[in-house]
Every structure is written in structure tokens, then in C-alpha cells.
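We have chain A; now place chain B onto it with these hints.
So you can see what is in the structure, the chains are spelled out below.
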Amino acid sequence: MKSGFRSIGKWYKQREYDSHTSRLFLVLMVIFLLMAASSPNTFLTRNTFTSIGYQLPEFGLYALAMMFAMMLGGIDLSIVSIGNLSGIIIAQFMSQNMASGSGNESSIIMLVCAFALAILTGAVCGAINGISITIIGIQPILATLATMQIFNGISIAMTKGSAVVGLPKIFAGLGNNTIGGFFPIILVAFLIIAVVLSLLMSKTRFGMDLYMVGSNRRVAQFSGIHCNRVTITSYMIGGILSAIAGLIVASRSMSAKVGYGEIYQLQAILAVVLGGVSPKGGFGKVSGVFLSIVSLQMLSVGVNILRISDSTFIKNLLWGGLLIGVMVMNYILDRYRDHNLAIRARRHE
Amino acid sequence: MSNLKQLMKRNEFYIALVVIGLSIFIGVLNSVFFSFQNLADICRSATVYGIFSIGTLMVILSGGIDVSFPAIATVSTYATLMIYAPGGFEGNIVLFMLTACAIGLVLGLVNGLFIAVFDFPSLIVTLATSSIYYGIQFVVLGSFRINKIPSYLTGLSRMSLFTFKSENGSSQLPLIFLFFIGVAIIAFVVLRYTMLGRAIHATGGNRNAAERVGFGVKKTQFFIYGAAGLLAALGGVIYTVMTRQGDPASIIGLEMTIISVVVLGGVDINGGKGSVFGVLLGLLFVLIINNSLILIGVQSHWQQLILGLAMFVNASITAFRSKLASRCVHEIDRHAEKEGETQ
Chain A
-12 MKSGFRSIGK WYKQREYDSH TSRLFLVLMV IFLLMAASSP NTFLTRNTFT
38 SIGYQLPEFG LYALAMMFAM MLGGIDLSIV SIGNLSGIII AQFMSQNMAS
88 GSGNESSIIM LVCAFALAIL TGAVCGAING ISITIIGIQP ILATLATMQI
138 FNGISIAMTK GSAVVGLPKI FAGLGNNTIG GFFPIILVAF LIIAVVLSLL
188 MSKTRFGMDL YMVGSNRRVA QFSGIHCNRV TITSYMIGGI LSAIAGLIVA
238 SRSMSAKVGY GEIYQLQAIL AVVLGGVSPK GGFGKVSGVF LSIVSLQMLS
288 VGVNILRISD STFIKNLLWG GLLIGVMVMN YILDRYRDHN LAIRARRHE
Chain B
46 MSNLKQLMKR NEFYIALVVI GLSIFIGVLN SVFFSFQNLA DICRSATVYG
96 IFSIGTLMVI LSGGIDVSFP AIATVSTYAT LMIYAPGGFE GNIVLFMLTA
146 CAIGLVLGLV NGLFIAVFDF PSLIVTLATS SIYYGIQFVV LGSFRINKIP
196 SYLTGLSRMS LFTFKSENGS SQLPLIFLFF IGVAIIAFVV LRYTMLGRAI
246 HATGGNRNAA ERVGFGVKKT QFFIYGAAGL LAALGGVIYT VMTRQGDPAS
296 IIGLEMTIIS VVVLGGVDIN GGKGSVFGVL LGLLFVLIIN NSLILIGVQS
346 HWQQLILGLA MFVNASITAF RSKLASRCVH EIDRHAEKEG ETQ
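Top to bottom, those sequences are chains A and B. Just so we're aligned: 43 in my numbering is position 56 of the first sequence, and the numbers increase by one with no gaps anywhere. Each number in my numbering corresponds to the 1-based position in the second sequence with 45 added.
Chain A on its own, in the form it takes in the complex:
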């Protein structure tokens, strides 16, 4: 038994480079146990997990989009506006070209066209962000603040500020149906996207380039990486992810409007930082961000189910507190580790 603990300890030490993710995993377990212990009858039900499953994808996609910008030491303030813009574009496309009750073959083709349109919109918006950051040379926070207003402005000008409604019924199935009666389609899609992105970051050349450009742009440039191309591509990926999120939001609410989910904008930054992505760039993993999204979502659903007063706002309180708490914890533990390393180094001398 004792040796078992020791080997776990050894494993933990060996994975030191990944310590933020494992600490986050511990935090997640603590949250889960607290929630489960405080009211096992209501928390440990199928209902809880389905509602987490429905709420996870849209927020998760925005957070992953933000992650690609923050990996490069930048930030993307335009994700939600990209999501809303593409939601509005496809909503107008569908409400004009599809009858709301039909479900025949031509409407499926139209649906595919709408998806393609959304993804195209996201890619173009992301490319605009990337180009203004690399070729024009605007700081990321400024460029995306400006493009956020531009994309929102286009959305407002297209809709005059009101919601686009009258979407076809077949579109609602995407957001609300399940596979096998349990797994929501959007959750499965989100998991697939997360796995693909994780592989993209860890196994491909683009992923390596991304880490290098994020940690030191100059060195990356001198070692022959096309920094501009990497930056533009990652902002485009962010745009596409936001567009998919916008699609899901539109499908779940059956309408599209400027300002939907605006709160996700800043919460995505929070989730990404909590997930161990360094705001200075170069560090971070999809798995870390995924864990942080799940724990945040679990907190909010748990608060919802436990019916603690005004749930959306206590959620804010808990999320902010969690972020600051985890940051302070990491700060102290890292300091402690550095201190120990220094002592060990001195002993070797």
C-alpha cells in the first residue's frame, strides 16, 4: 500500500511539467465530491449530467477558440461576435430559403449549405483578425476589440437589432436531439472536435509551430517557421470554432440575435486561464481547458440544482473565486517548487 502511494507520488513528480492540469483535475474531483456529498439525491442523477451535456458544447467551443488566440500570447475579444454574426447569417439564409415545417431531401441539402456558410463566415472573420494582427501589425487585444465592434455592427445593420426567427424545425433537431437517447448530438460533436484539436496540437507540425511561435516568436521566425501563417491559421481555427458555437446557440434557441451569450466572451478567457494556458503564450493543452470547462460547468449546474439563491450570479462569484484561488494556489506551489529546486541545487554544489 505504502509503495503504491510512493509510486503515485513519483508519477506526480515526473509529470511536473503538467502539474497545472493535474492540480485542476484534483480541484474538479473536490468540486464533484462536495456537490455529490451535499445533496446526493439531486446531484447524482441522470438529469444533472444531461443538462451539463447540453450546456457544455457552446461554452466549450468558445473557450477552445479563445485558447488558440491565447496560446500565441494574444487574445480574441471577437469570438462571441463571430458566433452571433454567423448565426444571424445562416438564420437569415434558412428563413429565406427553407419552409419552416418541411423535412425533405432538399432541406437537408440546404442545411448542409447553411453549415458550410457558417463555417465560411467564421473562417473569413478569423482570417480578418489574423491578418490585422500579423500583416498590419495591430496588437491582438486592440485588433479583436475593433473587429468585435465591426462584426457586431454588421450583425446590427443586417437585423436592425432584432432577433431573426422562423427557422425550420429540422434545424432544432441538431441542438436538442440525442444519440441513443442519452448523449446529445452537440456533446458528441464537441467531444470529437476536442479530440481532433488535441491531436492537432500534440501530433502535427502545425501544433509544434503553434507552441514555438507562442513561446518565442523571434526564435521561431529564425528557425524557419512562417509565423504569420501560423498566427492567421490559428485565428481562423478560432473563428471556425466560434461559428460552430454560434450555430449551436442558434439551433438551441431557434433564433439569432446580436448580443446572445455576450457573457461567454470574458468567461472564455477565465476558463482558458483556469485550464493552465499561460496568457503570455506558449503553454497549454486542450485537455487542461477541457477539464476547466467541465469543472466550471459542473459548478454552475450544481448551483442550479442545489437551488442556492440567485444561481447565475452565485455562479459568477464561484467562477471568479475559483480562478483567483487556483491562480494563487499555482503561484504558491510554483514558488515552493522553485524554492525546493534551489535548495536541491545548492546541495549538489
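Honestly, I wouldn't trust all of these hints.
Residues from chain A that face chain B, not an exhaustive set, calculated with beta carbons under 7 Å [to be verified]:
1. L257
2. I301
3. M314
4. Y318
5. L320
Here are the simulated distance ranges between beta carbons [unchecked claim]:
6. I226(B) / A24(A): 56 to 64 Å
7. L186(A) / M53(B): 35 to 43 Å
8. H380(B) / L328(A): 45 to 53 Å
9. S210(A) / H380(B): 22 to 30 Å
10. S80(B) / F193(A): 55 to 63 Å
11. H213(A) / S80(B): 54 to 62 Å
12. C100(A) / V343(B): 32 to 40 Å
13. I123(A) / F189(B): 45 to 53 Å
14. F102(A) / I128(B): 51 to 59 Å
15. G342(B) / G312(A): 49 to 57 Å
Just so you know, these hints were derived from the structure itself, not from any lab. Glycine included, each C-beta is placed from N, C-alpha and C at the ideal position.
Relative to chain A, chain B alone:
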């Protein structure tokens, strides 16, 4: 002549040109723009935005960013309204403002603590604290609108600096506009003529250099975030006075607008460069777009797009100019290298 050249180098010069051009353009198309009523309207809406912008200017000058000021404004004003609620503690206008500002100062110093002591990125810290402050607001204090505000606040809202009577009613410039003027003047003096102002600029320009020269960077950061919290609370009180009610949800989401105002005023988002005068111009630009475009028949749903494009163009020009400047440096280097080779 050299003065003119100096002027041409400054961002504020071009923003001023744009603002003047825009005003003349709108004024020629519709003479209502230059009427006293419209100008008073612009001044009135400048009051709250202006106070927030000055606070944000100080933070951005020091190389940070603060997205928590709407939360601080909301919480401190609302808490103060609850303390001085009818039937409770009576108080007067000065006490009311002091209490609100004290709460704002404390909340701002909490930001400062995490930023200065733990050295966390300011965007992340203020993001987290703003969601904590909102949480405190809605969970502890409540989210209902307070319609009965103390009588001295409504009294203050009715006082006017001067009133102008025309055939279609009278329009007035409210007294609280003076608060904004006062804040702007104090900020100008502090940033321009005091050691503290130098320290703020130095911290934003180059932190390490500022530390080596002997500026207390951490102390400066504490001051900045404290001051930003205080100004946020003041802005919140002024907002309450103007709307004559305490509505906790009304200034949520103002942070991006205010940051845009500051950036449009030629302030460098990396810190170190910028002026109160530039922020005033940026503010004027945004307010003209928001209030007066409708006078020339541009419908209100184009506002956001125009503001976004203006910001984009502004940022592009700034970026392009700094690229040109750095190219000049490279050329000088290459020149020096060549000279070195020939020798």
C-alpha cells in the same frame, strides 16, 4: 514651425482634425448640431463616460487594463444606496460620495493587491474580480432596482450650471458636469506635473527600467488601481444621480466601450503613451457618433459598425506608423554597419 512639426507627430492632432471635420460636416448638413441643446446633451452624456475613461486611461497608461470598473461602480453605488436608504441612516451628499468612493477604493485596492503583489496579468485579475464583485452584488446585496434615492441626490440632479430657454422648452447643462471637469483637470495635473505621473508613465513604458531608476512600481500600481476603483465609484454615483434610480444591471458591459474611447483617443494599449486631452477627443468622437449621426439621417443601427471601422482604421494607422518608425531604425543600423565596414 518646429512646434507645428511636433504637433504633426502627435496622435491627438489627427484625432482633433477628425473630430473637427466630423463636427463641421454634421453641422453643415444639419444646423441643430451646433445648437445649445445638442451640445448640452453631448456634455451630459460625457459626464459618466468621461469619469470612467479617465480611470481607464490611468490604468492603460501604466501598462495594465481594467475591466472591473463597471462592477466596482455598481457594487459601491448600490451598497451606499442601501446604507443611506430612506428610513435608515440619513447622511448628506458629501458623506454619500465619500462612502461610495471609500468602497470603490477598497475594491480597487483588491485588484491592486493581486496585480502588484502576485504579479498576475491585470486583464485576468480584473476579469475574475469583476465576476466576484457582480456575484457579491447580486447574491449579497440583491438585484432589484432602487427607485427611492435620497432627496439630496435628486436635488443635485436638478441643479444646473446654466439654463438656456428657447421656444421649444429649456435645456440645461447639469451641475454634475463639473465633477467630470474636475476629475479631468486633476488627472491632467497629476499625470503631467507630478512625480507620481512620471512613475505611471515609466511603469507603462518600461517596467524594468522604471524599477532600476528607482520608481516604486508596486506602490504605483496600488495607487493606480485604487484610484481607478475610486473613480469608478464616483462615476457610479454620478450615474445614479443622473438616472435618479439605483439599477444594478444598467452599466454592465460598459468596459469595452470605455476601452474603445480611450484607445480612440490615441492612448497606446501597451502603456506609456497617451494624454487626458487625447481621451477627451476620443470621448467627443464616440459621443458625436452616438448622439449626432442621427441628425444627418444615419440610422442608429449603423453606429456600432462606424465606431468599429473608426477604431480599426485608427489602430491600423498607429500600427503602420510604428512599423515605419522601426524600419527607419533598421535603416540607420544598416547605414552604421556599412560605415563600419568601409572604415
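Taking the hints in turn, this is what the structure says about them:
1. Because the smallest distance between the Cβ of L257(A) and any Cβ of chain B comes to about 6 Å, under 7 Å, the interface hint for this residue holds.
2. Look at I301(A): its Cβ gets to within about 5 Å of chain B, closer than 7 Å, so that hint holds up.
3. The interface hint given for M314(A) holds, since its Cβ lies 6 Å from the closest Cβ of chain B, which is under the 7 Å cut-off.
4. The interface hint given for Y318(A) is met, as the beta carbon of that residue sits about 6 Å from the closest beta carbon of chain B, less than 7 Å.
5. For L320(A), the interface hint is violated, since its Cβ never comes within 7 Å of a Cβ in chain B; the closest pair sits about 13 Å apart.
6. At roughly 57 Å, the beta carbons of I226(B) and A24(A) sit within the given window of 56 to 64 Å.
7. Distance hint check: the CB atoms of L186(A) and M53(B) are about 53 Å apart, inconsistent with the given range 35 to 43 Å.
8. Restraint check, H380(B) to L328(A): a C-beta distance of roughly 47 Å satisfies the suggested window 45 to 53 Å.
9. Under the hint 22 to 30 Å, the C-beta atoms of S210(A) and H380(B), about 28 Å apart, fit the expected range.
10. Range check, S80(B) to F193(A): about 59 Å between beta-carbon atoms, so the 55 to 63 Å window is met.
11. Taking 54 to 62 Å as the suggested C-beta distance range, the pair H213(A) and S80(B) conforms, at roughly 56 Å.
12. At about 34 Å, the CB distance of C100(A) to V343(B) agrees with the hint of 32 to 40 Å.
13. Against the hinted window of 45 to 53 Å, the Cβ-Cβ separation of I123(A) and F189(B) comes to about 47 Å, which satisfies the hint.
14. The beta-carbon spacing between F102(A) and I128(B), approximately 54 Å, falls within the hinted interval of 51 to 59 Å.
15. In this structure, G342(B) and G312(A) meet the distance hint of 49 to 57 Å, their C-beta atoms being roughly 53 Å apart.
Of the hints listed earlier, those the structure fails to meet are numbers 5, 7, in rising order.
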